[in-house]
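Chemist: Protein chains in written order, with our numbering: chain A, 1 to 425; chain B, 1001 to 1348.
The set of hints was computed from the structure by calculation and includes no laboratory data. From a predicted model like this one, the values you see are computed outputs, not experimental measurements. By construction, the Cβ of each residue, glycine as well, lies at the ideal position given by its N, Cα and C atoms. Please note that the accuracy of each hint is not assured.
[Unchecked claim] Not the full set, but computed from the structure, chain B residues with beta-carbon under 7 Å of chain A:
id, residue
1, S1194
2, S1198
3, Q1210
4, V1214
5, A1215
6, G1242
7, E1303
[Stated by the list, open to error] So, partial list: chain B residues that the calculated Cβ filter (under 10 Å) puts toward chain A:
id, residue
8, G1040
9, T1053
10, T1170
11, L1202
12, L1205
13, P1206
14, A1306
15, A1307
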Amino acid sequence: MLSDRQQGAKSVLGQALGQDELEEAALVRIGWWPQGVALQGDSEALGRDMRQNLVRRETTNMQLDRSEEIPFDDWLWGLPQGDLDTLELRSLARAAADDGIEFPQISATTAIAEDDVDPLAVIAERGIGIEDYRSSAWGGLLRARLKQRRYTVAVHNVGPGVLHLLGSVPFTERPWERVDRSWLPAAHPRLAGVILNRADFESIGDLLGQLGEVHVTRMTARILRDGSSYSRGWPEIQPTHRQALSEAEGMIVNTLRLSANSSLIHLRRSAGATFYRGDWQAFVEIVLGRLAEAAAERRRMLSGRDRDPVAPVVETIVMDLQPDVAAAPSTRERILESINQLRGARTAVLHANPYLHVVATDHLDGSSFDILITDDHQLTIVPGVRASTGSLARITDAVGLTLGMDELRLESVPEEIPASEVLAG
Amino acid sequence: MPAAGDEASQAELLRAEYERYDRCVDVVSAAEVWFTKASGLRDTVAHFERYPTITTGDTTATPDFTVLFTDGTAYVGELSNLSLEAGSLDSLCGQLGRYDRLDRVPGPGGKLVEVTAVDVLLFVPHSDANSAVARMAAAIADEDHPYSPSRFPSVFAWSFDATNTRYVFTLAGGASNQRPRGHGREPSLEGWMSSPTSFDTLIGLPKHFQEIKVARRFMNDPPPALYMATLLWGAVLPSMSGGEGDVSTSATEFAERLRHDYGRGKAAEVAQALELLQVAGLAAREGDDGWVIAHQPINRHEEDLAATLIDRFKSRPSGPVTFAAKERARKARRERESNKQLQTGLED
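The following block holds chain B by itself, in its conformation from the complex (with noise of 0.2 Å):
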């Protein structure tokens, strides 16, 4: 959640992460398409990971994706909003070194499995696409930088065409930038890219992704708290609310209940969003772990949950959040109220 500052640009910020997150979601959603639905290519895959967590020694890569194919061989895919910061550059660098590294990747029922080699992909806005080709031929090349990868990764410029409302992924453009391998196997990304007429680029229709990403929600870095908390309030809550009422919860609890219902939940991510719905009085705490969300409909003249409770976060409500705390309150106003008038009764 944002650090407290300036509320306008807290909420703004808090937009801007919620709509780029949503869109990194739909990136991995059409990439699991082509894995797992796209005819021919789906038979050559033995598993798509969605949320991988590949432990090695004391390492731990969290790619975006991995691919595990029949042939044994694996791609490792990772979004990036590469900024202009050398320290994004070398943090990337960094990450992608590690998946270079990778000798194993899950397969089917997660279970770590072998490979003899690891493509790794990378997907980067269309805008960024080239000069990150060009920042990281420039690291490889630099002696003095770390990474130095066995194969320079697939980097992949995605954008969205909103007339044809579908994604378009192409290959970016530097001499250094390759297709990933297909190994000889047929069908692959390589033989498709390659083909006269594909161009190197590929599409990603939401008709094709829909039922995936309602199903999954999140892609695998943590999600932001204004994501989180407006998934927790529209889609998860309702049902242990039953529509309206007090949740007493645990962020574990629903972690564990969202790893149940999407395949992924973290008790701190979701731990951020409960402390966005506290200050925009929803949510309060009790004991040390535990949460009682008020759960209620809130837009009533707004029909976009999330603006709502911006606006609530920039307006701090006080007072009881809960209703229990409510009815305690009426219940003591009533209290103060007849005892007020007992004493004017008595006085007069």
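This is chain A alone, in the form it adopts within the complex (with noise of 0.2 Å):
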């Protein structure tokens, strides 16, 4: 854990690069991290050598990025079309090894996609900075520039409408941030993110634990109660992931830094993960395997959802929240704040108390959903009768980031409810 100096430290850090919360990664990239080092002086002081020791890290880079591309990424964006065709993802370092190429860390980004949509085709026409695509019987590589440095993403299609994003670079670069921030809000809602719950995080440790015991070495966090973030790292005696998760009671977790035997982990709540180092082709079994049935369990619970007017409502889309959240005061405008930020997306406030009914439209595709919440401890949304699978899942990933969605779940309407609910006694 760090020190109080430490914290304050990276917070003077944090904000002199106008970052609200600074990444652990821009942390290794000066080598103060994992190690830690034993600057002197105060947090200010400590704050200002970091940034002096970043900014000359990074102006190294931008020198590298000028005279050297990434050697992994023109590998695999120069693979002749029949090795790109038959390249198996599991098999990625290996092929890799085999051409002498050192594998890097990679980045995983996972999301959804509508029936008879392309993901390549989408992502090429609409993100910034792509300068070139290729297909591939899997899905295909997007060639993106930023600046001088020049990178490759992997589209890789691993079912009817789930695929992975997968680069080289870090995910607290850019070149990556534009990845998960940029493109794909671009291709909105024709594709869209997927958000973990805490029982995906469980199962993706409990699944690491096939190779060897699990420890967490950092985990960061949101304390849903004032919104303030938590961050705890284990440079000593580890614990387990379940342990590290049970810490979190109140908070919604954002991150985990796992390792395993010498695999060593990160997992982003934003169906994100890095793997760093390792076993490679168990990254793609357990992690991305696991990312991606979370994905899928999410499109199916979301698709086909438009509302048949003539019939009355026997499902819904249920979000169960953690206790307290759901009557929070500020809970109102942060389910406002969180769809209105979305790129065409509006709300209509129908009913503010004594319980909240908000209509969500989508203007990128004319979907609509009724929002409520008339329940201590759940969210609930009935979609209109027009509905996207791609809609659905901004808005109820938007709406759960910022209330800390425990998970989404389908539930049916009863028919009856007991008597004694409708008298007072």
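Could you use the hints to bring the two separately framed chains together as a complex?
Modeler: See below:
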């Protein structure tokens, strides 16, 4: 766990760099994390030192960018078509090694796609900075450029409407931020991200147990009560994933850094993961496999939900919330903000007291949904007569991320309610 | 739609009408839950009608709901915001008198079914309920007053309990007021209300009626313009525009769509909402009955669509409204600029 002085320095550095929460990778880049450095001075001085160190490193990186491309990305982009078509994701590390290419860390984000959508084509059409693309039997490659840096992102279709975006650029750096924050939103609602819930984190941790004992070296979370951030590292005695998650009561876990045997993996709530080192095949099968499963489950749940206007509503989508969240005074504003900040999404408050009833409209494709909080522990979504999968996904994700969704599920509307619930006694 | 006048008070009126109507939709939805979902009671009900229209001879009655029981008796429900004016009482008594004389109510499929007895249920906001009972009792006692029902209506006082997120319905005070009859049915509202633990009080939980409200949206009174405009903009137009664009339609066509999607839709009520959108610079007339609505995201900085519509209603924006008109204006401007440049070139 960081000391108060280290936390203070991290915060100073974050502010200096214009980032609310400084990502771990920025600290890794300046050699401060995970070993930690014995810098002297108060938080302000430490923050300044760290910043100078980071700026120096970034400058060097930029010089490298100008002189060299990334070998792995160049290799992947340059594969002959036949090799590309037959390349299996799980064999990627071996294929690179066979060609004498060092296998780098790999960032991944999992997403869902509407029916009949070619994710590669949609991203290539909408994504900023994409210079070229290549189709393959399993999806294809995107070649992008940010300033002097050229990089490759693979679009790997893993099932009907489920895909991974994969690349060697670290997820905290701008090229990958662009994938998550620009390319995917630009492809909304034909493509949409997925968020993981606690059960997904637990399940991935459990499965990693096949490799060896699972430990958490770092966890970040948001405290639901006041929205503040929580960050904890375990440099020495490291807990299991379940022990670490049990510390997160009243919080929503954003990231987990897990080690199992020689593997080091970073998991993100927004259905993303990073492979740092270790058993690549296990990463593909366990981590990416579970992310794909979570995405497929979400897609099934959100598909074909258009309301039949001549029939009663028999099923709704329910978002389970942690205690007190539904009733918190700030919840209304947080829901509205989370939806309105999405491109083309707008809200109408039909009823704000004593319960909340909002109509969300997605102007990107004409979908609409009713969102209601009439219960202390859950939020209910009733899709409108037009409700696309991608639109439902992006709106439930936005609200779920804001409110710290425990679980998203389908719930049957009861045909009958107990008489005691309409009687005052 | 409120008549022209002071814009601030018009806006206030728009909002007040909207909220009042929304609460009434909730009250009817709560009643629908009792009769269609509450264990036991639902088995005694042959049909609950949310939008009844009952024509007998020259008169048409449109109560706020009707319940046909399997024993051939019925309840007729009405919601009222009774004002202090005598005219308001007379109007309400006239309505209730007509309901009292009904001998048929809608059955399954909407077909009118003859009934052997009718009880009228009146729902009044809590603060006015006791006085409503007293004033109706006085009207009945007054030989010169035409209101003379076969049976005093069952008057319910309703309120919402914000702490417990629920609507509360209590049989209003007054010696004349009485529970609705159960005619020996088991269970019945009469039996439930007279049980030692209920204290003549029923509950309406939003979590029970939320799906009904989403699927039905209206009650049987005309929705105010702002309520209808908000619904059209947020939930109906998106599927017509694909999210953004000009929608050419008519009030009649819109009303048909509303009837299909929500069970109720009247062209005159839609037209009022479209007129509000017109003032707000979002719709334009086309021919006699035609309208073009420029559907688009409008409330970027204001999270409440109704509030944005009120702001636009107050500011009365001018200029081209539809996407097509804006495009024509852009083209004309470009042509003018191009001609001007050409002219300048020639002069040089």
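Chemist: None of the hints should be skipped; say for each whether it holds.
Modeler: Hint check results:
{"no.": "1", "hint": "S1194", "in the structure": "11 Å, violated"}
{"no.": "2", "hint": "S1198", "in the structure": "5 Å, holds"}
{"no.": "3", "hint": "Q1210", "in the structure": "5 Å, holds"}
{"no.": "4", "hint": "V1214", "in the structure": "5 Å, holds"}
{"no.": "5", "hint": "A1215", "in the structure": "5 Å, holds"}
{"no.": "6", "hint": "G1242", "in the structure": "4 Å, holds"}
{"no.": "7", "hint": "E1303", "in the structure": "4 Å, holds"}
{"no.": "8", "hint": "G1040", "in the structure": "6 Å, holds"}
{"no.": "9", "hint": "T1053", "in the structure": "19 Å, violated"}
{"no.": "10", "hint": "T1170", "in the structure": "8 Å, holds"}
{"no.": "11", "hint": "L1202", "in the structure": "6 Å, holds"}
{"no.": "12", "hint": "L1205", "in the structure": "6 Å, holds"}
{"no.": "13", "hint": "P1206", "in the structure": "4 Å, holds"}
{"no.": "14", "hint": "A1306", "in the structure": "6 Å, holds"}
{"no.": "15", "hint": "A1307", "in the structure": "8 Å, holds"}
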